[in-house]
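A.B. asks: Each residue of the sequence shown is one higher than the one before, counting from 2 in my numbering.
Please keep in mind that the hints were generated in silico from the structure rather than gathered at the bench.
Where a beta carbon is used, it is the ideal one built from N, C-alpha and C, also for glycine.
Treat the hints loosely; a few may be bogus.
[As the list claims (entries may be wrong)] Computed Cβ-Cβ distance ranges for the label pairs, DEER-style:
#	residue 1	residue 2	range
1	D195	E155	20 to 28 Å
2	N164	G47	30 to 38 Å
3	D24	D195	52 to 60 Å
4	T87	N164	18 to 26 Å
[As the list claims (entries may be wrong)] Distance condition first, Cα-Cα at most 20 Å in a straight line; then the derived DMTMM-like pairs of lysine to aspartate or glutamate:
#	residue 1	residue 2
5	K246	E144
6	K107	E75
7	K30	D59
8	K132	D94
9	K107	E126
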Amino acid sequence: MLPGGMTPVVQLVAIIRNASPRDAAQLLKDMPVDRLPVVTAAMGPGEVARLLWAAPVDFRGALIDALTTEQLLEVLRAQQTNQAVTLLSMLPDERLGVVAESLSDKVVAALLTRLPDSRQAAVLEAMDPAKGFAALSRRYEQEVADSLVRANVEVTFPNGAPNGIVLVQGLGWRIVVAARYGDDGTIALRDAEDGAYRLEANGALSVTNLRPADAVVGHCRELRIQGQAVDAMRWTDTQHDGVLKRILVSLFQ
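Working from the sequences, and respecting the hints, build out all of it.
C.D. replies: As structure tokens, then:
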């Protein structure tokens, strides 16, 4: 009989704590499935986190799924964002949506980026709509920032600035970019102009996943006639990288 089968839980936990992470993980894997939640509960999240990455890859999903939501969240807090996302992606969609409710928008955004479209939809459906929208917003803001980096300009995130506000510098010019998900430029342009004023920048750019409203386009046109470097554009994915770079160059001139 394997130690994990009939050994009292208290004694089994003591054995696990004295074993190497790899041996402890193998012991957990070899025990009956119905004992796993009982033993991990007695171990505590800290001990689970200690041996998690030493566990066989095909067992990690079962190991984290055996934890209660509270235990799992504590384990995740001890991980780097990319590690947390790797673990989360092993959970079933329904439970993943429940757990995501208690995660930071940053972690959920990174998680959505990692998941295939079908799983993203399932997770978002299981989440509170407001929480899901916030995560999508954080993901969009990061994607726009990544696109700006690919444009070979200096990109910084000003201290104290709202989410999605980025300062871009090139050719001696400073442009504030406001990335807003689910917006037609009405909010993004205002935020970009406000940011440009506070940061004493030379111009402002609104970047949204929706097509800029006619009023926004007209406002930008009037300001450019007056000599101000202001514009609005739609960015949805890397196919718009070239457009973003061209607009930045035009604002730098």
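A.B. asks: Work down the list of hints and note, for each, if the structure agrees.
C.D. replies: Hints versus structure:
1. D195 x E155: 20 to 28 Å: This hint holds: roughly 21 Å between Cβ atoms.
2. N164 x G47: 30 to 38 Å: This hint holds: roughly 32 Å between Cβ atoms.
3. D24 x D195: 52 to 60 Å: Hint holds: Cβ distance 58 Å, inside 52 to 60 Å.
4. T87 x N164: 18 to 26 Å: holds, 24 Å
5. K246 x E144: Holds, at about 14 Å.
6. K107 x E75: holds, 17 Å
7. K30 x D59: holds, 10 Å
8. K132 x D94: holds, 16 Å
9. K107 x E126: Holds: K107 and E126 sit about 18 Å apart, inside 20 Å.
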